[in-house]
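In order, the protein sequences belong to chains A and B.
Under our numbering, the first residue of the first sequence carries the number 1, and numbering increases by one thereafter.
Under our numbering, the first residue of the second sequence carries the number 299, and numbering increases by one thereafter.
Hints in this document: simulated from the structure, not taken from any laboratory.
Remember, predicted model here, so these are calculated numbers, not experimental data.
Where a beta carbon is used, it is the ideal one built from N, C-alpha and C, also for glycine.
One or more hints might be untrue.
To be verified - No farther apart than 30 Å at their CA atoms in a straight line, the calculated lysine-lysine pairs in the DSS-like style are these:
#1 B:Lys512 x B:Lys455
#2 A:Lys281 x B:Lys546
#3 B:Lys509 x A:Lys281
#4 B:Lys492 x A:Lys281
#5 B:Lys546 x A:Lys248
#6 B:Lys451 x A:Lys281
#7 B:Lys455 x A:Lys248
#8 A:Lys211 x B:Lys492
#9 A:Lys211 x B:Lys509
#10 B:Lys579 x A:Lys194
#11 A:Lys153 x A:Lys67
#12 A:Lys281 x B:Lys455
#13 B:Lys579 x A:Lys214
#14 B:Lys509 x A:Lys248
Said to hold, decoys possible - According to the in silico footprint, chain B covers these stretches of chain A (three or more CB under 8 Å from chain B):
#15 194-203
#16 263-271
There are 2 protein chains.
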Amino acid sequence: MRVVECVPNFSEGRRPEVIEAIVNAAKEVPGITVLDVNPDHDHNRVVVTFIGEPEAVSEAAFRSCKKASELIDLNQHHGEHPRMGATDVIPFVPLAGVTMEDCVQLAEALGERIARELDIPVYLYEQAARVPERRNLADVRRGEFEGLRTAIKEEGKQPDFGRPELHPTAGITAVGARPPLIAFNVNLDTDDLKLARRIARRIRESGGGFKAVKALGVMLGERNLAQVSMNMVDYRVTGLLPVYEAIKEQAAAAGVGIVGSEIVGLLPLQALLDVALQAIKVESFDTSQIIETHLRSE
Amino acid sequence: MRVVECVPNFSEGRRPEVIEAIVNAAKEVPGITVLDVNPDHDHNRVVVTFIGEPEAVSEAAFRSCKKASELIDLNQHHGEHPRMGATDVIPFVPLAGVTMEDCVQLAEALGERIARELDIPVYLYEQAARVPERRNLADVRRGEFEGLRTAIKEEGKQPDFGRPELHPTAGITAVGARPPLIAFNVNLDTDDLKLARRIARRIRESGGGFKAVKALGVMLGERNLAQVSMNMVDYRVTGLLPVYEAIKEQAAAAGVGIVGSEIVGLLPLQALLDVALQAIKVESFDTSQIIETHLRSE
């Protein structure tokens, strides 16, 4: 089975009927399973997660992008989250039977189609980026809808597909490919936000810590606990266990214990298997040793 | 999907054509998947593992038991492993969509059928045992084929199904139900067999250690390493992680490290998920967070 995940972000988090129309446009493609629809009122943004065969996923991404371009006007859009398009980003994620390279090709084909059929320019980002400056989405999006109106004509900011001109209402869309992202939080047994922030700075890649880890220290208001909140952007580069153990060790050095951790939303099975096999130091293991892998083939 | 595993042990580990005939008798039942055939020459015994829907698994167990009774004569059988029947034991294991109680009922129905159709008496053991003395298979089998010829007539040793008389060539069979068993070994960074034995004695249930853990200290000849070799007889009672950590701690107290561990053969996915979630102390988790659980429903 070939399975790709797609996690498009649309610039609408407040009007349920618009969100529903966008999600339905994806759902109506045969073979598509919508796993999650996560709107945020303050961000005025919705994150949709669906999976299916590569061709179906690409078609669903196109149709939902088209629907968003019909219903969302960036000139009227305000929210806390930075954005540049009605469909802001479309990442493809290889899940089973497909490679990252397959997902890069999906991104290129979809980017070309969005520009040609919808007249929305497209940046290719992350693993699909053609130049290093477009790897990081935050860099790509700098200036947002308003700023990119003029910046898009500048050297180095021209789109990968389409004319160097924003769509008047739908702006510009970033299409890319990336590994599955895991949202992983560790709750410290303290209300010391500074400690959580200090640990976050030490463990994240930008602070010289673990590669492929983004981390912030935040407060869990309702429980009055300090939390190290992370995005594990490639669990194959850095898995959950070494990061958890580093946080535990650094908290212990400050005399603080761990209350527990949470995995927010979805993650690939392999990320948990990696934790298990590392935790008990299994020397060699084959997935076929898991009884359930034999149930599916019947 | 309802899935039961069956792991019958037959008293033949040397004649490939006999083993093949027994396995084929199970395989020919529609819906049966044979996962493993593991003959042992010294034990003169073969362990067969197959899965399927409850009814199919029961039928496959019956047919392989019948075939074994036609091809194996216990009067001619010698091997290191204790045994009392051509088909020595038939355990049913609940894997998915079935309860332990369902497996106990499977064991009862199969035991009754074996006695009635094959004239082989049957003991019910482990979770299917009707009296506490038949919970432990080693107790049930005491005396073996030769000794049970007369003992079976005694009070307390009479079979649960069938006449109190061994089948002249096929002996008597134990049919039961049990949780999945996991073979888990931890290799110490030493050739000190005594240390492995001391740790094994401390961690196993019979030594006052972890419930549902059997353990021995053995030597890994080819690598010259001492190993704590375990049967985890109910991972829901005692999981792999606490046992691994106890062994690691006790070895460290003797100044010895852990080289690594091995999981021999099959195990249920949940046993590994438990390790992962405990190792990073996840506070709450739903299996539907695993992306792959959504792939099957399509």
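Q: Provide an ascending list of the numbers of those earlier hints which the structure does not satisfy.
A: Those not satisfied are hints 6, 7, 8, 9, 12, 15.
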